[in-house]
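Since the structure of chain A is already known, use the hints to place chain B on it.
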Amino acid sequence: MTALMTASPRVGRRGFLQGMAASAASLTIGFHLPAKAAGPAAATDGALVNAWLRIGPDGFVTVLSNVSELGQGTSSAIAQVLADELDLDWSRVGTAHAPVEAPYFNPLIQQYAVWGSTGMSTQFEALRKVGAQARAMLVQAAAARWTVAPESCATRDGAVVHDASGRSLGYGDLAVEAAKLTPPAEPALKPKEQWRYIGKGMPRLDLPAKVDGSAVFGVDVALEGLRVATIRQAPVFGGRLLSVDEGPALAVKGVEKVVRLPDAVAVVARGYWQAHKGIEALSPVWDTGDNPKLDSAGVSARLHAALEAGEAKTFPRRDQDPAAQEAATKQALDTAATRFTRTYEAPFLHHATLEPMNGTARMTADGGVELWLPTQNQSQGRLAIAAALGIPAEKVTIHTTLIGGGFGRRIEVDYGVQAALIAKAAGVPVKLIWSREEDTGHGFYRPAAVARVTAGLDADRTLKGMVFEAAAPGLFPYSELGKVERNRTMPVEFTGLMYALRLPYAVGAYRAAYARTDVGVRCGFWRSVGDSQNAFFVESFIDELAVEAGADPVDYRRRLLAQAPRELGVLDAVAAASGWGAALPKGVHRGIALSRSNGSSSAMVIEIGVDGTAVTLRKVWFAIDCGLCVNPDSVKRQIEGGVIFGLTAAMTGKITVAGGAVEQGNFHDVPLMTMAGAPAFAVMVLETGGRMGGVGEEGVAAAAPALANALFRATGNRYRSLPLIDHGFTFAG
Amino acid sequence: MAYTLTVNGRRRTVDVDGDTPLLWVLRDELGLTGTKFGCGAGLCGACTVHLDGTATRSCTVPVEAAAGTAVTTIEALSPDRSHPVQVAWLAEQVPQCGYCQSGMIMAAAALLKETPKPTEAEIDAAITNLCRCGTYPRVKQAILRAAAGA
Chain A
946 MTALMTASPR VGRRGFLQGM AASAASLTIG FHLPAKAAGP AAATDGALVN AWLRIGPDGF
1006 VTVLSNVSEL GQGTSSAIAQ VLADELDLDW SRVGTAHAPV EAPYFNPLIQ QYAVWGSTGM
1066 STQFEALRKV GAQARAMLVQ AAAARWTVAP ESCATRDGAV VHDASGRSLG YGDLAVEAAK
1126 LTPPAEPALK PKEQWRYIGK GMPRLDLPAK VDGSAVFGVD VALEGLRVAT IRQAPVFGGR
1186 LLSVDEGPAL AVKGVEKVVR LPDAVAVVAR GYWQAHKGIE ALSPVWDTGD NPKLDSAGVS
1246 ARLHAALEAG EAKTFPRRDQ DPAAQEAATK QALDTAATRF TRTYEAPFLH HATLEPMNGT
1306 ARMTADGGVE LWLPTQNQSQ GRLAIAAALG IPAEKVTIHT TLIGGGFGRR IEVDYGVQAA
1366 LIAKAAGVPV KLIWSREEDT GHGFYRPAAV ARVTAGLDAD RTLKGMVFEA AAPGLFPYSE
1426 LGKVERNRTM PVEFTGLMYA LRLPYAVGAY RAAYARTDVG VRCGFWRSVG DSQNAFFVES
1486 FIDELAVEAG ADPVDYRRRL LAQAPRELGV LDAVAAASGW GAALPKGVHR GIALSRSNGS
1546 SSAMVIEIGV DGTAVTLRKV WFAIDCGLCV NPDSVKRQIE GGVIFGLTAA MTGKITVAGG
1606 AVEQGNFHDV PLMTMAGAPA FAVMVLETGG RMGGVGEEGV AAAAPALANA LFRATGNRYR
1666 SLPLIDHGFT FAG
Chain B
11 MAYTLTVNGR RRTVDVDGDT PLLWVLRDEL GLTGTKFGCG AGLCGACTVH LDGTATRSCT
71 VPVEAAAGTA VTTIEALSPD RSHPVQVAWL AEQVPQCGYC QSGMIMAAAA LLKETPKPTE
131 AEIDAAITNL CRCGTYPRVK QAILRAAAGA
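Quick note, the sequences are listed as chains A and B, same order. Using the working numbering, the letters of the first sequence map in sequence onto residues 946 to 1678. Using the working numbering, the letters of the second sequence map in sequence onto residues 11 to 160.
Please keep in mind that the hints were generated in silico from the structure rather than gathered at the bench. All values reported here derive from a predicted model rather than from experimental measurement. Take these hints with a grain of salt, some might be off.
Stated by the list, open to error - Partial list, computed: chain B residues near chain A (C-beta under 8 Å):
1. Ala51
2. Glu85
3. Trp99
4. Leu100
Claimed, not checked - Listing some non-contacts, in silico: residues in chain A with all C-beta distances to chain B over 10 Å:
5. Asp1034
6. Glu1070
7. Lys1137
8. Ala1196
9. Pro1237
10. Leu1252
11. Pro1267
12. Thr1280
13. Ala1281
14. Ala1460
15. Gly1554
16. Gly1572
In this text, a Cβ means the ideal position worked out from N, Cα and C, and glycines have one as well.
In isolation and in its complexed conformation, chain A is listed as follows (with noise of 0.2 Å):
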């Protein structure tokens, strides 16, 4: 616990330079932008702030990162870029979960959270000022002591040395009075060609207790007096609790407490075993409505007939409103020498993080609660959880453990809210464990959806225009990201259409619509969100069009991206190193796709080996340009894990619903990728300089069409619907 309690010290609301109130030895920076609002009220909507360190007595640096840890390395890269302007020593640099507290919320969405891979790219440049503020505040305290002008003053590994007098002090002698300085509000920021860590393979921070068993997740919270629950929740959609008798379970050794939640029971027990044998020996009693009746035939055919009906709907663009967008495509549509339609459909998909979702929660004497979750949506965790207490906000505290994958299921507070009821109505700190079958039933499931997408075609099979139209259920209604976002600056929900919006190809008149179709699934955000489906529909459509024009896969999407340098660099990037056209072995195939979001683009070629219907997954090779890049091996190894996340999917990943629940349960059903599995991977990060792009979930979205395209070039045949197994594929591994 010591390491969670360290990690929560106190800030200033307003960011100001404020001393660390348990140790006058350590200075405490805090730097925000202009504030829009501040104030303990204000906290949701408050200033555009960025990150602070703490510095020791011993010198040694604590980063404090605003950005969850889920695996994507973003605290340590944060720490690079302070450690650069700086000046820091690597092996004197740690970093501590900031606290949730407005100084720290990310300035894009002005929340203390971290999704759509910002969490390096909209606080690069913030973060640079911060380090550069630091450090010339150091300069100043040390340049005050030997008397001496701030500009005869140098910073080396973690001190500030004058050489003409070879005196040199290390910024632990320094932070306190660095601490009572002003910082500077234009601090020389280090010229790129100085940097020595950014930019740099430097190892993680977070990793060393990632191999000894140290680092604590949230099932590993301790506390005093901590009890461990479990939990069963209604299996079917929107079921309630209608009753239980709670006997059984209280005759389980070691069970404490049944508790009632609307939807769920929980069990609460000296230990996780206890509690699961409680769990177990309940039958309650469920209210299912007309739930029952979903499945994932209805599903699908009413994604079908949603297209069919013409509930599409077109998306307003900046440039164009829907009504000319139509206009345009119906005539280059009416005007082609002939159209070509294809149909395509994915399935709903779990995000089956290895740790289980969980939270622990603790009542407080004030009335309020501590919570300790694997979250990375601490803002709308509070008010989720301070809703469902009737208690206000600020007397809900959140710290942030370390996560055991998120891939965007974190994002939602289910399991924190969860939690703090079960600790009230227990009266006890609980800690709240769900086992794997009610992590893998109670999802926020990647929508189920299907597309059909048209081209008209000159004679000479040129496009003259394109229609992409998906049905979908939203995100939106279910997810409390979606509640933000709602709320905020999206009033039409589009994420069914990410990568369809706007194309990277010159496809002639073009437009995306796309039919909201909810269908009582709870669904949410899966990494990548709707690229995941969307680059398989529209990157196994182009290449649908490369053989009706008769063309090489690569040469036709080339034609297609002469205004789309950065697509154009990783698609001739990944041709070249993959060697593409060259011939293969026999039984030996390849597949290409490109994807683009949140600011960098891809591409990849995967070589599979198909012998009947087994497939075995040789290599990938994966260009991105993701702008500057903090550290390069961190991005590698980002898109490697994004690829397996992605290939995964096309392989083998979907949810299906019978009798309005969830079918699948543990990893027999739910099964993923084993290394025997994996393919070999020559990921190469272009280093363009361009503008920072992210790279958590920029891997995931091209891997399956790419496979498609390859097992189309292998069998001739199209795959048009996820999971390929379904189409009678076996995978290697």
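Same frame as chain A, now just chain B:
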């Protein structure tokens, strides 16, 4: 009822039901939380420990079956992250979220003890732990690095 087993070199006695999985004895009774809960069904390997030297998924071993054995968890693989597998893991920067990595490392350490120079195929066959972050290419590299003594 009371069960006695040796955990990380120390004799420990716990008073739990005999069907309590070793995983929950380690985590809830002994406070050794480096061993993770992923599935409770022996499918993911996040709970892998060494039972008398053999890589074992502790979520499916009832404590009554583990009594009298010697259990090693990630916390005691080495006192200072100096086990060759841990060294290789950091050199290759393997973990992402890190949740599966205790189990991966314990599985890898057991593999290398049995097969000091495994082929890639032997690694594929032996390491069936699930990693949702997709660290497999790095896991394999790290095992090969540890085997090479680099």
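To see whether the hints hold, each was checked on the structure:
1. Ala51: Holds, about 5 Å.
2. Glu85: holds, 5 Å
3. Trp99: Trp99/B check passes; min Cβ-Cβ to chain A is 5 Å, inside 8 Å.
4. Leu100: holds, 6 Å
5. Asp1034: holds, 18 Å
6. Glu1070: The assertion about Glu1070/A holds, with a minimum of 26 Å to chain B.
7. Lys1137: Non-interface label on Lys1137/A holds, nearest chain B Cβ at 24 Å vs cutoff 10 Å.
8. Ala1196: Nearest chain B Cβ is 13 Å from Ala1196/A, so the label holds.
9. Pro1237: holds, 27 Å
10. Leu1252: Non-interface label on Leu1252/A holds, nearest chain B Cβ at 33 Å vs cutoff 10 Å.
11. Pro1267: holds, 39 Å
12. Thr1280: With a cut-off of 10 Å, Thr1280/A remains clear of chain B, as the shortest Cβ separation is near 47 Å.
13. Ala1281: At roughly 42 Å from the nearest Cβ of chain B, Ala1281/A sits farther out than 10 Å, so the non-interface label holds.
14. Ala1460: For Ala1460/A, whose nearest Cβ neighbour in chain B is about 31 Å away, the distance exceeds 10 Å, so it holds.
15. Gly1554: Non-interface label on Gly1554/A holds, nearest chain B Cβ at 15 Å vs cutoff 10 Å.
16. Gly1572: Holds: least Cβ distance 22 Å, greater than 10 Å.
Comparing the model with each numbered hint stated earlier shows that all of them hold.
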